[in-house]
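Visitor: Protein sequences appear in the order of chains A and B.
Sequential numbering from 3 applies to the first sequence in our numbering.
Sequential numbering from 213 applies to the second sequence in our numbering.
Don't take every hint at face value.
What the hints assert, rightly or not - Here are the simulated DSSO-like pairs of lysine-lysine, each with C-alpha atoms no more than 27 Å apart in a straight line:
| # | chain 1 | residue 1 | chain 2 | residue 2 |
| --- | --- | --- | --- | --- |
| 1 | A | Lys66 | A | Lys11 |
| 2 | A | Lys88 | A | Lys136 |
| 3 | A | Lys126 | B | Lys447 |
| 4 | A | Lys136 | B | Lys278 |
| 5 | A | Lys198 | A | Lys88 |
| 6 | A | Lys126 | A | Lys11 |
| 7 | A | Lys88 | B | Lys399 |
| 8 | B | Lys457 | B | Lys278 |
| 9 | B | Lys447 | A | Lys130 |
| 10 | A | Lys88 | A | Lys130 |
| 11 | A | Lys244 | A | Lys66 |
| 12 | A | Lys66 | A | Lys20 |
Everything labelled a hint here was simulated from the structure, so no lab data went into it.
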Amino acid sequence: MAELLFELKEVYFSYLGKFPALCGVDLSIEAGSRVGVIGANGTGKSTLLTLLDALVFPDRGSIKVMGRELTESVFNDSVFTRTFRKRVGFVFQNPEVQLFCPTVKEDIIFGPLQLGVPLMEVRKRLEKTSAALKISHLLERSPHQLSIGEKRKAAIASVLAIEPEVLLLDEPTAGLDPQTTRDIMDILIAENESGKTIITATHDLHIIEEIAGIVHVFGEGRRIIRSAPPAELLSDQEFLQKHNLAHIHRHKHGNVVHVHPHVHLEHHGQEKESHG
Amino acid sequence: MSALSFLKDSVFSDEYAGCRGFLQARDTRFKVAIIFLLLLAVLFSKNIYFLILLYMLCLFLAMFSKISLGFFLKRTWIFIPLFSFFIALPALLDIFSPGRPVLSFNLAGITLRITQQGIAGAVFFFVRVLTSVSLAALLVLTTRHYALLKALRIFRVPQIFVMTMGMCYRYVYLFIEIIENTYLAIKSRVGFVHSVKKGQMIVAVNIAGLWQRSYILHDRVYSAMLSRGYCGEPKAIDEFNSDFKDWISLTAAILLFSAGLLWQSCCLS
Ligand SMILES: Nc1ncnc2c1ncn2[C@@H]1O[C@H](COP(=O)(O)OP(=O)(O)OP(=O)(O)O)[C@@H](O)[C@H]1O
Ligand SMILES: [Mg+2]
């Protein structure tokens with residue numbers, strides 16, 4: 003069995019003490035795995051990732067990282083903080099928050115610089131990540147001048163530049179065109195194949211099969227209601243519909259309007275063939 | 213709202229900073245030093261011809277930096293009435309500049325006289341302001357804001373200050389956009405804002421909302437910084453690259469500055 007990376011037991015969290023966001027989450031994540039997190043809006047996906055990145059701490063319950071309990075006090079230890087930040091990277095749902103520097107370039111080098119990566123290496127990573135995400139031409143621009151998709155790519159680059167072992171991704175493909183989505187998926191899959199753990203929260207069922215070996219579904223109760231391999235979930239129409247996860251299509255055949263749920267499994271298969 | 217767009221356009225556009233002109237190509241540190249020297253020269257000069265020469269130089273620099281002359285003049289002359297009204301106008305009068313009267317008139321029972329010395333003084337002042345404003349505009353127009361901020365580092369301004377300023381700049385833009393979009397959203401929903409009073413109320417509500425948002429944003433941005441390893445002491449690369457043209461320009465500015473001083477002392481003796 004692979005090494006246990008994260009271990010959550012009965013985790014409760016609420017914002018400001020009165021807006022519950024997670025109510026009793028149990029979860030274990032193995033090093034090197036691909037984990038998907040899905041669920042309707044407001045069910046706590048982003049909150050979970052924020053907890054995993056130790057930006058907030060649970061009200062009750064425990065989170066262990068590689069056997070060590072995550073609490074506010076362990077982050078007083080600067081050596082641990084640095085190691086943790088180097089090992090875990092988090093792409094926020096809102097790239098506006100993530101890009102706080104005056105230029106894209108400065109945003110990409112921010113992480114490595116803070117973490118004490120030598121200058122030569124920082125430059126190398128800047129080149130590598132911006133080439134991988136095809137944003138080399140945007141480096142001197144201000145984040146506020148970019149389109150939403152470009153912002154998202156820049157945000158992903160700013161995290162990849164840290165070269166973390168664990169990637170937490172909150173809706174990494176939202177608002178991206180199909181080709182860019184494809185590129186980002188390829189990058190993430192390559193990262194995973196080189197041994198990194200990727201944990202992705204998404205609404206995009208198209209990508210879930212590739213990006214996750216196991217999917218955790220968050221329900222209205224703000225806890226995990228089901229954990230299963232993606233293929234099994236995607237074939238369970240009833241379940242998906244019940245939890246606001248299926249795409250519902252409506253189209254016309256002659257004069258009759260059909261409304262039917264549909265998760266693009268067919269398209270997906272074709273796509274794969276044409277790519278393969 | 214149009215005031216807001218004006219702010220956005222004038223403060224945040226780096227249309228000219230992105231051109232490939234003479235000043236744009238200069239290393240920011242050198243550019244700041246050169247403009248600073250020229251400003252000093254303007255400040256010390258008591259010779260109107262020297263000032264006019266410097267002003268011509270500004271116009272040439274603007275031209276070589278691919279700034280359209282019309283735009284540049286508009287941008288710089290817009291400040292002039294403000295200054296001249298409060299300072300130059302009174303200086304024309306004999307109360308402030310005694311001398312040979314050229315013209316006299318009555319205002320509310322007081323006889324005011326415009327003196328020759330007054331005119332000379334006002335013209336001198338006018339050119340001085342115009343030249344200073346043009347120099348400042350040249351610097352701001354041809355430099356990206358963050359580069360300007362970074363150049364502060366040569367004056368040993370702490371990194372945390374430079375970074376905070378950079379972030380303010382970044383997020384003020386975001387807020388302007390939020391306000392603009394909110395306004396558009398209101399317009400699209402209610403058509404137009406009926407009365408001034410109602411408009412004011414909408415603005416008030418928005419400002420409250422904006423305050424809240426800025427608070428949440430602050431929280432999140434801080435988390436985003438922590439997540440990427442920030443621990444209270446920002447690190448950044450101070451990247452500048454200068455070439456021989458920068459040195460030549462700086463030397464030229466020094467020469468010009470000294471020439472100004474020399475001219476001055478010749479005139480005095
Ligand atoms: N800053 C906050 N203050 C108060 N409540 C919050 C805050 N952020 C989130 N919440 C609440 O916490 C719950 C979980 O939010 P979270 O952002 O984790 O949901 P999510 O699953 O990521 O949703 P989405 O799919 O819309 O991104 C929601 O009910 C939300 O209202
Ligand atoms: Mg979310």
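Visitor: Next, verify each hint and record whether it holds.
Guide: Hint-by-hint comparison with the structure:
no., hint, result
1, Lys66/A x Lys11/A, "holds (9 Å)"
2, Lys88/A x Lys136/A, "holds (24 Å)"
3, Lys126/A x Lys447/B, "holds (18 Å)"
4, Lys136/A x Lys278/B, "violated (30 Å)"
5, Lys198/A x Lys88/A, "holds (13 Å)"
6, Lys126/A x Lys11/A, "violated (40 Å)"
7, Lys88/A x Lys399/B, "violated (47 Å)"
8, Lys457/B x Lys278/B, "holds (18 Å)"
9, Lys447/B x Lys130/A, "holds (21 Å)"
10, Lys88/A x Lys130/A, "holds (18 Å)"
11, Lys244/A x Lys66/A, "violated (32 Å)"
12, Lys66/A x Lys20/A, "holds (25 Å)"
In terms of the numbered hints stated before, the structure departs from hints 4, 6, 7 and 11, listed from lowest to highest.
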